[in-house]
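Visitor: Chain by chain, the residues run as shown.
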Amino acid sequence: MKLGLQARLLMLTAIAVGAVALLGLGMLVRDRADFERRHAAEQARSVVEALAPSLRNALVVGDLATVQETFDAVVRERALRSLRLLETRTRATILEATDPGGTDADTAPAWFRALLDDVDVTEEFVVQAGGVAYGILRVEMSGEASMLQLWRSAKAFVMAGATALAGVVLLIGLALRHGLASLAVLADGAQRAAAGDLAHRIGPMDVAEFSAVGAAFDRMAEAAQLREAELTRARAAAEEGARTRASFVAAMGHQIRTPLHGIMGMTELALATDPSAEQRHYLELIRASADNLLGGINEILDFSRLESGKLTLDRVPFPIREIVDGALAACVTAASAKGLDLRCDVAPELPALVSGDPVRLRQILTHLVENGIRFTTRGGIQINVDAVPGGEGGQLRFAVADTGLAIATDKLPLVFEPFAEPAGAVAGRHGAAGLAMAISHRLVRMMGGELTVANGRDEGCVFSFVLPLPAATTDAAEVRRPLAADPGTLAGGGHRILVVEDTPVTQTLIMALLRRRGCRPTLAVNGAEAVAACRREVYDLILMDLQMPVLDGLAATARIREWEGTMGRRTPIIAITANAFEEDRRRCEQAGMDDFIAKPFKAQVFNETLDRYLKPAMA
Amino acid sequence: MGRILALVLAVTWIAAAAAEEPRPLVFGVLNQQSPVRTAQRWNPILAYLAEATGLRFQLRMGATVQETDAMMGRGEFDLIFTNHNFRREHDGKYRVLARWAGKPIYGVIAVPGDSPATSLRDLAGKRVAFPSREAFVGYAVPMEALRAAGVRVEVVTAGSQEGALVQLQARQVAAAAVNSRFLSRFAAQSGLRYRELHVSEGYAEMPVVVHPRVPLEQADAIRRALLAMADDARAAAAREASGGKGFEPADEKDYDNVRRAYARLRE
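Respectively, the protein sequence lines represent chains Y and G.
Residue numbers are given in the numbering used here: position 331 of the first sequence equals residue 331, and the series is strictly consecutive.
Residue numbers are given in the numbering used here: position 141 of the second sequence equals residue 141, and the series is strictly consecutive.
Don't read these hints as lab results, they were simulated from the structure.
A hint or two may mislead.
So, partial list: chain G residues that the calculated Cβ filter (under 8 Å) puts toward chain Y [unchecked claim]:
#1 34
#2 36
#3 38
#4 39
#5 41
#6 42
#7 43
#8 44
#9 60
#10 61
#11 62
#12 63
#13 241
With the C-beta cut set under 10 Å, the calculated list includes, among others, these residues of chain Y facing chain G [claimed, not checked]:
#14 53
#15 56
#16 58
#17 59
#18 60
#19 61
#20 62
#21 128
#22 130
#23 132
Quick caveat: nothing in here was measured; it's all calculated off a predicted structure.
C-beta: ideal position from N, C-alpha, C; glycine also.
Can you make the complete structure from the sequences, with help from the hints?
Guide: The structure is reproduced here in structure tokens:
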């Protein structure tokens, strides 16, 4: 049991005062007992001195009767225990007088007597005259009366001391309670401060010491309050800055993507017009530059979102093999252009479905493969995926190995540094904007792994990481599958397509692509026109921009779905927007859209997406 | 048979004890001083006698002169230092061994130096202090002189010779009867100025007398020791305690004037 401060102080005070009082009492009683012993001895000596002359005379003449009378009188008057006359040689009692004793039944207890030793006094005197001993006078003084008096005094002292001690403890207890109440005030103030109430003040208190502590506490709370206000202002400013930066980045992304979309799209259209060899060369350069620019923009946007903490991860079931295949498929064109092989080895014992973020995993693998392609001139890139032996919770190990340039050992740690431009071979392994490796590194870390790089045994590099991707259930409804990579046969012949787009360049590009597929596009320049068109006509597909005047794409989709609900039909709606973030995709899904094409897009992606919703026209 | 055996054993034991511890000779002293003072004076002498004779002595005395005389009369003393044995009722029961060494003592009736009295007749009807009625030189002898002069006085018993002289010095009495030796010593110490109205004949110092039951050889040994006390080194403490030289030879005739005085006083 833990005692409080008040109880401890009271207990210690009681023990200390009690001990001192008992010690003092003990010393006092012993001193008094010594005094009584000395006094009794003096009494005995005085009796001897008073008796000796007459006793000598009586004994010389052998007058024992007179001696007996004298003894009786002296014992009675001087309160002696006994007077004895002993034979000198044998010490046999010749005659004696004893006190019959008092009638007081009260006696001191044995332990008390033991503490004080014996206070009885015996004095002996040899009665002699002329060198002849006539007997031994033995005087016995009883210490019983003194002992009893001491015992009574001690009892009275203890009773009085106990009462005084109780009073002292009570007074100290009251004082402590009053003083310690200040501690409760301090504790309450500390708790309120800990709970965030920094405006609370202790204020002055009755006890000077506690009042000083309270004043110090108030000064501390005041300083903390000022610091918190400064921090709040700084945090608000930082958050505002972050919002501004995020908005700027988002706006920049949108503003750049839209004209880039026009450039890439028009380039695609121009290449499809059978240009001369020289023109095709120029157009190819434009397309490559645009691709490079787009990659750089995407990297900057992703890195910005990673840095601001706005990028969140999904945890959904997905087919691991399809994701790996998809990453390779995205790089097939680039690899083929350089004559490189892309190989993939996924361990057969891996589960078909794992739980994680398939989009980000594919992004990581794509970055690593693209990086390998970029710095490999012969040979190829190999992806290996297997389970970590003994790993718990579905630990999967990914390794992307290329046969390209090796990296100097001391430069390996710099591979994942953003915007770093180390000399030599490292420089080019950062991606379009020098961020691909940094983004991959951060994404792997977000997903619970660590991306590392090492030089291959003979050539090239090996990027590897381990991610916790536990086996998932096989509920098909939850499985997110990647976009179909199979371009298939162009579908859309005669399909009626409603294009909702306010940007003229994009309008031109989309309308041209649709016409090339044999579709019959209808244009609406904002959401309101789209809703009205849907009420007038039935379309096979709707391509919906998001940011538009009058009525944006999300609101228009909601109204169209509402109208279709009453009509008993559902038209596929595909978002086409420069808002390329994941949350934009989610917002589109929540609004009722079926798919998402991020601007700028390539014609191939555009066609692949439409193929999933348009059945080939019947001949 | 058993009882007889027990009796025999008891007698044997008592006899053995008696042989081991022979009864001490009881030595009485006439009450001239307090019992303590008497013991202080005589116990060293008895210790010397024991050492010198090989005998054991025990000092005894009565609380008063009369009591001591009665004890003497009952024959309780083997030896006694007294002259009351020369009274007619006790005379012949003890015989003289030796006497305290010293010149004869005289009975003196003294008056203050400026007293108008010039003869015993001037004391007629006056207050005269005596040590006690039991004193020989201090009472029996001077009373005999007053009776012979036909003078009757008012007897004041002062308890001791000193008391009698203190009363004389304080003019509480007209005269005081004391022995000559004490008078001269007191006057030297206190500055008392006196005149002697009467001086008796000289009387020998008191003797040590012995009871006839004491064997002669023991009595002789005691006498020799008493007479040797003046010179025996073993008696130094006794001489110092008693303030005397010891004892001198004496016989019965030395005390005839004492017997006569007692006889006249009795008449």
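Visitor: Now tell me if each hint is right for this structure.
Guide: Hints and how they fare:
The interface hint given for residue 34 (chain G) holds, since its Cβ lies 6 Å from the closest Cβ of chain Y, which is under the 8 Å cut-off. Evaluation of the residue 36 (chain G) hint against chain Y yields a held restraint, the C-beta minimum of about 5 Å falling below 8 Å. Hint on residue 38 (chain G) holds. Least Cβ distance to chain Y is approximately 7 Å, under the 8 Å limit. At about 3 Å, the closest approach between the beta carbon of residue 39 (chain G) and any beta carbon in chain Y falls short of 8 Å, and the interface hint on this residue holds.
Below 8 Å, beta-carbon pairs count as interface contacts, and residue 41 (chain G) has one with chain Y at about 7 Å; its hint therefore holds. Annotation: residue 42 (chain G) was flagged as interfacial toward chain Y, and the flag holds, the nearest CB pair being 6 Å apart, inside 8 Å. With a cut of 8 Å, the hint placing residue 43 (chain G) at the interface with chain Y holds, because the nearest CB-to-CB distance is about 3 Å. With a least beta-carbon distance of about 6 Å to chain Y, the hint placing residue 44 (chain G) at the interface is held under the 8 Å criterion.
For the restraint placing residue 60 (chain G) at the interface with chain Y, the shortest Cβ-Cβ distance is roughly 7 Å, inside the 8 Å limit, so the hint holds. Here the hint on residue 61 (chain G) is kept, as its CB sits about 6 Å from the closest CB of chain Y, short of 8 Å. Nearest Cβ of chain Y to the Cβ of residue 62 (chain G): about 6 Å, under the 8 Å cut. The hint holds. Nearest Cβ of chain Y to the Cβ of residue 63 (chain G): about 5 Å, under the 8 Å cut. The hint holds.
A cut of 8 Å between beta carbons decides the hint on residue 241 (chain G): the least distance to chain Y is about 7 Å, and the hint holds. With its C-beta approaching chain G no nearer than about 7 Å, residue 53 (chain Y) sits inside the 10 Å limit, and its interface hint holds. The interface hint given for residue 56 (chain Y) holds, since its Cβ lies 5 Å from the closest Cβ of chain G, which is under the 10 Å cut-off. The closest approach between the C-beta of residue 58 (chain Y) and any C-beta of chain G is roughly 8 Å, which is under the 10 Å cut-off, so the hint is satisfied.
For residue 59 (chain Y), the shortest C-beta to C-beta distance to chain G is roughly 8 Å, which falls under 10 Å, so the interface hint holds. The beta carbon of residue 60 (chain Y) comes within 4 Å of a beta carbon in chain G, closer than 10 Å, and the hint placing it at the interface holds. Annotation: interface hint on residue 61 (chain Y) holds; nearest CB of chain G at approximately 5 Å, less than 10 Å. A distance limit of 10 Å between C-beta atoms decides the matter here; for residue 62 (chain Y) the minimum to chain G is near 7 Å, and the interface restraint holds.
Checking residue 128 (chain Y) against chain G by beta carbon gives a least distance of about 9 Å; that is within 10 Å, so the hint holds. Annotation: residue 130 (chain Y) was flagged as interfacial toward chain G, and the flag holds, the nearest CB pair being 3 Å apart, inside 10 Å. For residue 132 (chain Y), the interface hint holds, the least distance from its beta-carbon to any beta-carbon of chain G being 4 Å, beneath 10 Å.
Violated hints for the displayed structure: none, as all numbered hints are satisfied.
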